[in-house]
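Engineer: Starting from the given sequences, assemble the full structure and let the hints guide the process.
Chains as they are written, first to last, in full-length UniProt numbering: chain U, 1 to 391; chain W, 1 to 391; chain A, 1 to 391; chain S, 1 to 391.
Because the hints were derived from the structure by calculation, they are not lab data.
Since this is a predicted model, take the numbers as computed values, not measurements.
Do not take every clue at face value.
Since the list gives no way to pick out one identical chain from another, each pair is judged satisfied if it fits inside one copy or across any two copies.
Claimed, not checked - Subject to a maximum C-alpha distance of 30 angstroms in a straight line, what follows is the list of computed DSS-like cross-link-like pairs (lysine-lysine):
no.: 1; residue 1: Lys96; residue 2: Lys242
no.: 2; residue 1: Lys50; residue 2: Lys287
no.: 3; residue 1: Lys96; residue 2: Lys218
no.: 4; residue 1: Lys218; residue 2: Lys270
no.: 5; residue 1: Lys242; residue 2: Lys287
no.: 6; residue 1: Lys270; residue 2: Lys50
no.: 7; residue 1: Lys270; residue 2: Lys96
no.: 8; residue 1: Lys218; residue 2: Lys287
Spelled out from the first residue to the last, the chains are:
There are 4 protein chains.
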Amino acid sequence: MRYAPSDLPVFTLTTGPVDAYPAVLRGLASTVLYDYDPAFQATYQRVTEKLATVVQAETMPVILHGEPVLGLEAAAASLIGRGDVVLNLVSGVYAKGFEGWAARSGAEIVELAVPYDRVIDPADVARVLAERPDVTLVAACHHDTPSGTVNPVAEIGAVVRRHGALFLVDAVSSFGGMPVDARSAAIDFLVTGPNKCLGCPPGLSILGISDRAWAKMKANPQAPRASILSILDWEDAWRADKPFPFTPSVAEINGLEAAIDLYLTEGPEKVWARHALTARACRAGLKAMGLAIWPAEEGFASPTCTAVRTPDGIDEAQLRAEIRARYGVVLSSGRGETLGRLTRIGHMGPTAQPLHAVVALTALGGALAGLGHRVDVGAGIAAALEAIDAG
Amino acid sequence: MRYAPSDLPVFTLTTGPVDAYPAVLRGLASTVLYDYDPAFQATYQRVTEKLATVVQAETMPVILHGEPVLGLEAAAASLIGRGDVVLNLVSGVYAKGFEGWAARSGAEIVELAVPYDRVIDPADVARVLAERPDVTLVAACHHDTPSGTVNPVAEIGAVVRRHGALFLVDAVSSFGGMPVDARSAAIDFLVTGPNKCLGCPPGLSILGISDRAWAKMKANPQAPRASILSILDWEDAWRADKPFPFTPSVAEINGLEAAIDLYLTEGPEKVWARHALTARACRAGLKAMGLAIWPAEEGFASPTCTAVRTPDGIDEAQLRAEIRARYGVVLSSGRGETLGRLTRIGHMGPTAQPLHAVVALTALGGALAGLGHRVDVGAGIAAALEAIDAG
Amino acid sequence: MRYAPSDLPVFTLTTGPVDAYPAVLRGLASTVLYDYDPAFQATYQRVTEKLATVVQAETMPVILHGEPVLGLEAAAASLIGRGDVVLNLVSGVYAKGFEGWAARSGAEIVELAVPYDRVIDPADVARVLAERPDVTLVAACHHDTPSGTVNPVAEIGAVVRRHGALFLVDAVSSFGGMPVDARSAAIDFLVTGPNKCLGCPPGLSILGISDRAWAKMKANPQAPRASILSILDWEDAWRADKPFPFTPSVAEINGLEAAIDLYLTEGPEKVWARHALTARACRAGLKAMGLAIWPAEEGFASPTCTAVRTPDGIDEAQLRAEIRARYGVVLSSGRGETLGRLTRIGHMGPTAQPLHAVVALTALGGALAGLGHRVDVGAGIAAALEAIDAG
Amino acid sequence: MRYAPSDLPVFTLTTGPVDAYPAVLRGLASTVLYDYDPAFQATYQRVTEKLATVVQAETMPVILHGEPVLGLEAAAASLIGRGDVVLNLVSGVYAKGFEGWAARSGAEIVELAVPYDRVIDPADVARVLAERPDVTLVAACHHDTPSGTVNPVAEIGAVVRRHGALFLVDAVSSFGGMPVDARSAAIDFLVTGPNKCLGCPPGLSILGISDRAWAKMKANPQAPRASILSILDWEDAWRADKPFPFTPSVAEINGLEAAIDLYLTEGPEKVWARHALTARACRAGLKAMGLAIWPAEEGFASPTCTAVRTPDGIDEAQLRAEIRARYGVVLSSGRGETLGRLTRIGHMGPTAQPLHAVVALTALGGALAGLGHRVDVGAGIAAALEAIDAG
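Structural biologist: Printed below as a string of structure tokens:
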């Protein structure tokens, strides 16, 4: 039995877009209201207020109406100007990619890089900041998804705060799946979105901004206005009595409200726990199957995504195609430098449930065997199950 | 009986966001697929191909993942550069607004403006182009929504084509509700979206681009790349075997497919006919009620939106609030220069049904009376009904 | 412009099935759970408990898994046996129809009938009961939908209670749209369903049962067991820890929960008020148009349905066909004895909004004119609007 | 990590209600039309005609508006009368249960029974029929779900046809998941529903009836009329121009259309193949884990449900509770005689995908271990995977 490419998959275990919660899908199907209808304006304020409880920034979250690359590009464009010195902490493809947007603003970029299977050491950040007291902004990627590695942003944040620079964090694929918020990590500008661990479809960015970051943007003559890239235009848009700079994505807001309600009802700690447990089960299973995770140390590995090093002699694209064709399971590839070198099992939102680790491991092991790289799937599942039961 | 601001409205008769078709809402609730899943890539290509049959541009439509202000800003950023001379045809607030984006690219702007209750005369365009043979691009707004007026884009397009400049048209609130396509109007760059007459929620832009316009963008060193504003990055993204520059809005694409299927199944001519008939019923009713439409001549009036001049002594914001509070009906205000001077009845997508004209007229007349401006609603409905029956 | 029979209607203004609330449709689309899943068992108990607050019977409501004709047939089969004497109060087609089920149980049927445009006088009930002290059960139809008339069940209930018989009431098309509950009307057996004024699709019956009625059923050797018609089998099924006699309609239960939540959130009094106001607007409009309601006196007319006497010379089926073809509006016919003699405008659930009266009146008037019976629609709308504004 | 009883399950792998297809859930959320609206009448006829292509009865399928126990009770009530001799073929709880309904009609019941882990031998049927030439109807249950065993209905049907009796088959939990239709198995009265292998929620029965069976019902003075149990009343209701005896379950019909469209688009053979493969994977895994299936021979086992014998010393209810609490997986218990003696893994509709066997086996094995009965889950998954890959 083979699944055709046009067949709907049975399991979407990816790193985004992820399978959405059924309640989010129903939310997306809610009646579309006019953006200036007071009922919608009240909805928008209410959603923002709920987000505020989990983003924990000094000011109300800003929602931008495009998937999180918009949030990141807009952040760079709004926050960074000529004269800025940006320390970019690079432990993966997405962190590296931020450089392009930062440099576009005319800033000097200082890079602190590590191999893409490792994470940033806060001590190195302290060292570089000591060497470069003129750094005005430090940028980090919390979970560099193409590597499945998680940087210690809280520790880095403390270092940055002591230095005095602003701290910008891409928390797109970590937020909602592990502990991270603006307050705890001393983040001045947190960029995330609902399309990963909150289990929404892509289409929105969520920004958590400190007072200092707002001041910096307002003082930046280059900060976009009257543009899709403007953050400043949206400062007060969350208030029910204020206009929107342009039409918000009404259906996505309705879906987001369903997602945040699910998240708060289940309880963030419970949500994080099942993400982490699913990841532990994946890693235990991989190890027992003789496969290696991509991160150099298990402590670097993300609770929301498990990156599996591609065994020698296996074509990674062919592997994923085989996984889909044999079992109807969709996994994610690497990106950029990690493309072809790893396969990613996403466990974000509704698929962050331990048994999905079993599904992923079985499909991965079966397809590897089909391509001639035999692994002990039974041992893998037994190990995963042990991890799950140890809970 | 009064409807509270927090109550869901009974009728949303607006100019966008509009009430969505139920089938579109169900489409939005479809399973969210990974963007690189072959099933989604096939969907994306299929949706683009369906769009192509109605956009009728020389090349495949490009979908951008933000509401149509993104399409317009991106068009200006991509198409216009220093050295360009842009003739901006201004008959309303939205056309005027385009100037900001066009000027940002460093082009010289030549303006041909008429009062906002009138439309552009193609002969004037020809005259200006004769005076300014260096014009490289002509920009027009087909239906300037804040005025409810429709420019003769096909006639203007013929003039522009003879001159040799590129012709860019904002057809956001006309497309899908009246005849307009790239071929018939000699449009090089048509910007529209599914969130008006196609009955989707806001969140996408649709671009119909000629070969010449692509050539111009590719030759433009200022055209954005690696940006939410990039059009060039998306040129081949519609092909199932090509990557997306960033994650598309999966749910909105699913909703768009439902909308385009409805549109093609009902038949564009039938859809346009019910938009036009609803508008005629509105105008007939208004006239019989002693109210005036905003357009200086009935021939200027849009089939997708009827703008009603605010009677002397009436506060327009209060009027709409009263309409909502008394009857649960949401109408649109003016914008910018027309704000406070007119109220707009949208008849776009699912509410472009003649009886919705009756609903709007009754609510408008009743609320006016409540504010002390008594009109003969009975006469209005009788006239509207006559128009409908003549239909 | 004509709507084809296969086109979706624009307005469904019927007496059931009625247009469902969008939130109910989303509820129907909820994840289907196994009936013995504790999460579903908890849902079932919770829904029953919410229903209990509005049914106000002495015992917990019973949900049967078929539309309310099941509830009525099951009630007759369970409650009535040989030896019973049933006083059937007949003011319309549905009340008359109950006789068939009652007689099937072997009971003697005593009938108190009035013309189908009138309602039952409680004094007549008292008189008949005095003549027939052996009556064991009195059956009434609260709102005999095919006539659009409402019987004074509370007053009748008081009479029946004094006599000592059981009182069974078909409240299918009144419940949720006007005040009626088991306690206030001394009803021993209230049969209703969510598919009328609660705005659900058809598929469930709701029963409100007194202790006396339970005792009667349990003592009735003819009462069905192990049958779709059994009520006894379902006595404890609402409890989360009790089994279901057979599989409940999971999706309909999910839809019902959405409906009851809407009803309780809006507030029954507000819901009833908009049903009543819509009906008053209809009646005012009809009168001004020179049309007659079916009920002999306006005080008999239902707040949830307005029955319009068919003018002489008009074919009622043709009239409704014309209304649909011209305007996309669906109204209900009469049934049985009233078929062909009246047309019914339903205002139940989501369409119980005053402006829907305007829609119905316009469509009715326009179609009558089209068939040669000219009425003054303008006067009708003016009168309806006046009623609404007096609201 | 433990799932609370009130938490939504992660996997519903039951024998009905089953997890519904997402497209079916969206279908349920379709606009509710009036039953006499020509658009709905056309829908009802279209759905019936699609069903006819898969039911393959001599006449058009009849849809009854209650879950399949209604279909079975109605069949017995309509088809069987005093004077009939019914041969009831009993290999399980559901077949045995039919006796109650058959006997209620006053017929003589002849029983051919086998232990509930075995299936009926057609030769035995022939033998009994030779002994009792007066048998007028033979009743069988195709897949006796509480045992997970499948009777050879086609072979039995041939025997019955030779004898001349009518053949009634309960195909509720087999239809749509394995080959069975009225023509191939010479079935005169096939009862099924969409709530098992077609992946709908419960709420409808589907009947496939031969000309002879219609003749028998029409000649049966006991056959219900004017009742929820009437089949005769619905004979012509599928025709767009005929009335319904009472209001059909509009939303369930919409859901059914989505299901039948999915089934026909995927192709019945492909659907059956994935049901069968999932079952083979389950059985292979169980065997490797040292667990026994309930059926006495593997050839008796159903492709749509795998019944697992409860190991000695394990409390079956506790086992399922543990499976749900540990892994969020819902399985089905036995019923009646099999209750407490087996656990059923349903693979019906959307969960009839081979990897769901892996999910079920892992959860079952893990929970057994948790209760002190250690099994080799690794070996089980390896064996299941081998079966899947042999596909």
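Engineer: Checking Lys50 and Lys287: alpha-carbon separation at most 30 angstroms within a copy, between copies, both or neither?
Structural biologist: Cα proximity of Lys50 and Lys287: none, with 40 angstroms in one copy and 47 angstroms across.
Engineer: Between the shortest in-copy and the shortest cross-copy C-alpha distance, which are at most 30 angstroms for Lys270 and Lys50: within, between, both, or neither?
Structural biologist: both (18 angstroms within a copy, 29 angstroms between copies)
Engineer: If the cutoff is 30 angstroms on CA atoms, where do Lys96 and Lys242 land: within, between, both or neither? Let me know, please.
Structural biologist: Result: close only across copies, 23 angstroms inter versus 37 angstroms intra.
Engineer: Please work out whether the CA atoms of Lys270 and Lys96 approach to 30 angstroms or closer within one copy, between two copies, in both situations, or in neither?
Structural biologist: Intra 32 angstroms, inter 46 angstroms, cutoff 30 angstroms: neither.
Engineer: At most 30 angstroms between CA atoms: does that hold for Lys218 and Lys287 within a copy, between copies, both, or neither?
Structural biologist: neither (50 angstroms within a copy, 49 angstroms between copies)
Engineer: As a check of your reading, is Lys218 near Lys270 (CA-CA no more than 30 angstroms) within one copy, between copies, both or neither?
Structural biologist: Classified as neither: same-chain Cα gap 38 angstroms, cross-chain 48 angstroms, threshold 30 angstroms.
Engineer: My question is about Lys96 and Lys218: at a cut-off of 30 angstroms on alpha-carbon distance, are they close within one copy, between copies, both, or neither?
Structural biologist: Classified as both; 26 angstroms inside a copy, 26 angstroms across copies.
Engineer: Under a CA distance limit of 30 angstroms, which applies to Lys242 and Lys287: within one copy, between copies, both, or neither?
Structural biologist: neither (54 angstroms within a copy, 34 angstroms between copies)
Consistency with the previously given hints fails for numbers 2, 4, 5, 7 and 8, ordered from lowest to highest.
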